[in-house]
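Enquirer: Can you build the whole structure from these sequences, using the hints too?
Chains as they are written, first to last, in the working numbering: chain A, 1 to 130; chain B, 1 to 130; chain C, 1 to 130; chain D, 1 to 130; chain E, 1 to 130; chain F, 1 to 130.
A portion of the hints provided could be inaccurate.
You can't tell identical chains apart in this list, so a pair holds if it fits in one copy or across any two.
Stated by the list, open to error - The calculated DSS-like cross-link candidates involving lysine-lysine, where the alpha carbons are at most 27 Å apart (straight line), are:
| # | residue 1 | residue 2 |
| --- | --- | --- |
| 1 | Lys28 | Lys93 |
| 2 | Lys54 | Lys28 |
| 3 | Lys54 | Lys130 |
| 4 | Lys54 | Lys93 |
| 5 | Lys93 | Lys47 |
| 6 | Lys93 | Lys130 |
| 7 | Lys130 | Lys28 |
I should point out that these hints are in silico values taken from the structure, not numbers from a laboratory. Please read all numbers here as calculations on a predicted model, not as lab measurements.
There are 6 protein chains.
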Amino acid sequence: MAAMRMVEYAYASPEVRAVYDDIMTTRKVDAVNNFWKVIANDPAALKRTWESLKQVMQPGALDPLTKELIYIAVSVSTGCGYCIASHTAAARKRGMTDEIFHELMAVIGMASETNRLATGYQVEIDPSLK
Amino acid sequence: MAAMRMVEYAYASPEVRAVYDDIMTTRKVDAVNNFWKVIANDPAALKRTWESLKQVMQPGALDPLTKELIYIAVSVSTGCGYCIASHTAAARKRGMTDEIFHELMAVIGMASETNRLATGYQVEIDPSLK
Amino acid sequence: MAAMRMVEYAYASPEVRAVYDDIMTTRKVDAVNNFWKVIANDPAALKRTWESLKQVMQPGALDPLTKELIYIAVSVSTGCGYCIASHTAAARKRGMTDEIFHELMAVIGMASETNRLATGYQVEIDPSLK
Amino acid sequence: MAAMRMVEYAYASPEVRAVYDDIMTTRKVDAVNNFWKVIANDPAALKRTWESLKQVMQPGALDPLTKELIYIAVSVSTGCGYCIASHTAAARKRGMTDEIFHELMAVIGMASETNRLATGYQVEIDPSLK
Amino acid sequence: MAAMRMVEYAYASPEVRAVYDDIMTTRKVDAVNNFWKVIANDPAALKRTWESLKQVMQPGALDPLTKELIYIAVSVSTGCGYCIASHTAAARKRGMTDEIFHELMAVIGMASETNRLATGYQVEIDPSLK
Amino acid sequence: MAAMRMVEYAYASPEVRAVYDDIMTTRKVDAVNNFWKVIANDPAALKRTWESLKQVMQPGALDPLTKELIYIAVSVSTGCGYCIASHTAAARKRGMTDEIFHELMAVIGMASETNRLATGYQVEIDPSLK
Numbered sequence: 001m002a003a004m005r006m007v008e009y010a011y012a013s014p015e016v017r018a019v020y021d022d023i024m025t026t027r028k029v030d031a032v033n034n035f036w037k038v039i040a041n042d043p044a045a046l047k048r049t050w051e052s053l054k055q056v057m058q059p060g061a062l063d064p065l066t067k068e069l070i071y072i073a074v075s076v077s078t079g080c081g082y083c084i085a086s087h088t089a090a091a092r093k094r095g096m097t098d099e100i101f102h103e104l105m106a107v108i109g110m111a112s113e114t115n116r117l118a119t120g121y122q123v124e125i126d127p128s129l130k
Numbered sequence: 001m002a003a004m005r006m007v008e009y010a011y012a013s014p015e016v017r018a019v020y021d022d023i024m025t026t027r028k029v030d031a032v033n034n035f036w037k038v039i040a041n042d043p044a045a046l047k048r049t050w051e052s053l054k055q056v057m058q059p060g061a062l063d064p065l066t067k068e069l070i071y072i073a074v075s076v077s078t079g080c081g082y083c084i085a086s087h088t089a090a091a092r093k094r095g096m097t098d099e100i101f102h103e104l105m106a107v108i109g110m111a112s113e114t115n116r117l118a119t120g121y122q123v124e125i126d127p128s129l130k
Numbered sequence: 001m002a003a004m005r006m007v008e009y010a011y012a013s014p015e016v017r018a019v020y021d022d023i024m025t026t027r028k029v030d031a032v033n034n035f036w037k038v039i040a041n042d043p044a045a046l047k048r049t050w051e052s053l054k055q056v057m058q059p060g061a062l063d064p065l066t067k068e069l070i071y072i073a074v075s076v077s078t079g080c081g082y083c084i085a086s087h088t089a090a091a092r093k094r095g096m097t098d099e100i101f102h103e104l105m106a107v108i109g110m111a112s113e114t115n116r117l118a119t120g121y122q123v124e125i126d127p128s129l130k
Numbered sequence: 001m002a003a004m005r006m007v008e009y010a011y012a013s014p015e016v017r018a019v020y021d022d023i024m025t026t027r028k029v030d031a032v033n034n035f036w037k038v039i040a041n042d043p044a045a046l047k048r049t050w051e052s053l054k055q056v057m058q059p060g061a062l063d064p065l066t067k068e069l070i071y072i073a074v075s076v077s078t079g080c081g082y083c084i085a086s087h088t089a090a091a092r093k094r095g096m097t098d099e100i101f102h103e104l105m106a107v108i109g110m111a112s113e114t115n116r117l118a119t120g121y122q123v124e125i126d127p128s129l130k
Numbered sequence: 001m002a003a004m005r006m007v008e009y010a011y012a013s014p015e016v017r018a019v020y021d022d023i024m025t026t027r028k029v030d031a032v033n034n035f036w037k038v039i040a041n042d043p044a045a046l047k048r049t050w051e052s053l054k055q056v057m058q059p060g061a062l063d064p065l066t067k068e069l070i071y072i073a074v075s076v077s078t079g080c081g082y083c084i085a086s087h088t089a090a091a092r093k094r095g096m097t098d099e100i101f102h103e104l105m106a107v108i109g110m111a112s113e114t115n116r117l118a119t120g121y122q123v124e125i126d127p128s129l130k
Numbered sequence: 001m002a003a004m005r006m007v008e009y010a011y012a013s014p015e016v017r018a019v020y021d022d023i024m025t026t027r028k029v030d031a032v033n034n035f036w037k038v039i040a041n042d043p044a045a046l047k048r049t050w051e052s053l054k055q056v057m058q059p060g061a062l063d064p065l066t067k068e069l070i071y072i073a074v075s076v077s078t079g080c081g082y083c084i085a086s087h088t089a090a091a092r093k094r095g096m097t098d099e100i101f102h103e104l105m106a107v108i109g110m111a112s113e114t115n116r117l118a119t120g121y122q123v124e125i126d127p128s129l130k
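Expert: The structure is reproduced here in structure tokens:
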């Protein structure tokens with residue numbers, strides 16, 4: 001048995017419930033994803049991760065949808081299947097259309113290609129870019 | 001000797017010059033970056049890569065600045081130093097402020113952290129996310 | 001058909017059986033994992049990989065549990081699902097508690113975040129660190 | 001100009017200085033690394049990152065040296081040159097001998113090899129490991 | 001619902017069918033893989049990706065089997081399960097024997113190991129290699 | 001001081017010299033690369049790594065040049081600058097022409113792009129590929 005059990009709301013400590021409540025209120029949803037239920041096995045990590053994420057993902061110079069697109073780009077590059085599924089769903093909720101999704105994928109694909117070309121060809125950084 | 005020489009405009013074939021001209025016209029700049037000068041050793045790759053990039057990066061459902069931010073997110077995740085330098089410069093030209101840059105980095109950082117947590121904890125995808 | 005069949009002990013050559021026997025004796029288990037049964041299709045690779053692994057994972061300046069934690073850290077960073085499952089189980093056998101597992105995950109998460117920040121912000125190495 | 005300037009103590013805001021002071025006190029050093037001086041351009045990120053890092057790296061079920069070894073393992077897997085240099089130095093301060101460093105590298109190397117073998121051979125997870 | 005529906009030939013636009021026809025003719029197969037059916041949701045991406053791939057994978061200084069082996073090496077390093085499955089099948093069709101597959105995996109494994117050793121030990125590039 | 005000193009032949013132990021001699025004889029060169037001089041700080045690792053590498057890279061079902069091309073593909077995907085430089089040089093010695101190098105880079109680039117597309121679009125593996 002390697003995977004961790006999930007901490008369901010009904011059996012959670014007050015400390016964990018407080019974070020779950022804040023997640024549900026902030027995101028206007030009535031349940032938390034498996035990710036949080038697993039992290040909740042380490043209540044300090046649950047609290048720290050949620051508070052950092054909440055701060056980072058709040059609207060600022062970038063709108064919430066753009067932040068989700070960046071999140072997906074990182075998740076695809078890292079190859080995290082869970083994260084791709086959950087942040088693609090989150091982006092849809094924030095208004096990602098099919099057209100935006102396709103453009104996102106196309107940019108990720110091209111960037112991955114030119115990243116490898118620049119690395120493989122050992123291109124030196126232009127003085128003007130330093 | 002491992003790195004490739006760079007193909008300077010003055011010594012380039014008409015085929016390569018045509019691509020260089022199109023890059024400079026499209027981007028409103030008067031020189032091409034080292035990346036293109038190195039790829040130009042393979043003229044077919046130069047033409048194919050530029051035409052794909054031009055098509056992918058043109059304004060569409062996403063604006064050019066957002067596309068550059070996604071490009072940076074991928075480049076940081078891949079660890080391509082050249083690409084980070086060149087696309088950070090490109091994003092600046094398209095209006096990236098310090099505030100946007102900081103938010104971009106913060107999202108990339110958080111996504112990288114939660115990507116690893118989801119992977120390491122072997123979180124199963126929620127039925128609602130499938 | 002892309003995946004390789006597994007070489008079961010009952011049908012294995014004497015050469016392969018000798019490695020399986022050594023794995024089982026060394027690890028005090030009565031069966032080998034699927035990983036070895038698949039690698040066994042290439043008997044030279046089976047022998048080479050096992051002998052290197054045995055040498056590397058033996059107790060030394062670092063104890064076996066610490067080595068397993070490092071193994072997990074690499075496997076999570078690489079995104080190898082099989083390796084995460086098998087080395088998490090191995091670490092449990094060597095005494096990894098839930099508390100250790102949570103701290104391991106927290107360090108992996110933070111390292112992944114600061115790795116990307118250092119890369120994205122293009123931080124120069126301090127002279128004192130060279 | 002792509003890289004960010006560094007925020008030196010002498011010119012830092014009281015908010016940034018408070019974090020710098022805490023870093024120096026906690027680590028018993030008399031200066032902060034370039035990493036922090038660059039992140040300090042985003043004071044909220046500086047504070048959030050440091051407080052998370054401080055919490056995660058404090059002694060717990062794992063001792064500080066083991067945590068640094070895990071940090072190095074992640075940094076090598078990510079390919080973050082800055083992070084490898086800074087955390088190798090930090091591990092040295094916490095007692096990493098040459099022998100420990102060599103064993104760390106050997107485990108990282110073997111894990112990277114078997115990660116790819118398990119992935120490339122598409123090994124299915126053993127029922128006993130689920 | 002996160003994943004995209006697949007565009008089946010029977011319901012595809014003439015533009016998409018033309019690409020499907022070219023894939024089937026070029027590869028001498030009577031159906032296209034799921035990859036293409038999903039990308040086909042973005043017809044411009046389908047056409048661009050297929051035309052680039054066709055050009056890159058055609059026989060040249062390297063034969064088609066060698067190109068497939070390189071494709072597998074990249075896919076294993078990236079950790080793309082779909083790509084490993086599809087390109088392993090493609091390589092089999094182009095003559096990859098079990099012996100070749102084992103040697104391919106062994107090289108990928110060793111390269112992954114020495115890559116991390118060179119990175120972790122921070123080996124400086126020899127002047128003769130520059 | 002983070003990087004390891006290099007073990008020069010003149011000051012090496014007989015055990016290390018024996019490996020250096022074998023490397024030079026096998027490769028028909030009169031000096032070993034920095035990689036080996038750094039790994040030599042851990043003589044057991046030097047011997048184990050060299051013997052595995054020698055076995056893996058010997059001519060077999062795949063010729064030495066093809067093996068070097070695969071090595072480069074992995075090194076580019078991992079982003080190991082040292083490894084790209086050293087294996088590009090090694091491939092040149094084994095007959096890699098500019099044309100081969102360009103085709104190698106083009107395949108690596110395309111594979112990196114389609115890897116991300118398949119991952120980001122969450123393409124399911126075709127039953128025929130399992």
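Enquirer: Confirm or reject each hint.
Expert: Taking the hints in turn, this is what the structure says about them:
Only within a single protomer do Lys28 and Lys93 lie at most 27 Å apart by alpha-carbon distance; the minimum there is 11 Å, versus 37 Å between protomers. Within a single copy, Lys54 and Lys28 get their C-alpha atoms as close as 13 Å, which meets the 27 Å cut-off; across copies the closest is 32 Å, which misses it. For the identical chains of this complex, Lys54 and Lys130 are inter-copy neighbours only, at 24 Å across copies versus 33 Å inside a copy, given an alpha-carbon limit of 27 Å. Within a single copy, Lys54 and Lys93 get their C-alpha atoms as close as 17 Å, which meets the 27 Å cut-off; across copies the closest is 30 Å, which misses it.
Within a single copy, Lys93 and Lys47 get their C-alpha atoms as close as 24 Å, which meets the 27 Å cut-off; across copies the closest is 29 Å, which misses it. Taking the shortest alpha-carbon separations for Lys93 and Lys130, only the inter-copy value of 15 Å comes in at or below 27 Å, while the best intra-copy value is 39 Å. In this assembly of identical chains, Lys130 and Lys28 lie within 27 Å of each other by CA distance solely across copies; the values are 20 Å between and 44 Å within a copy.
Hint compliance for this structure: no hint is broken.
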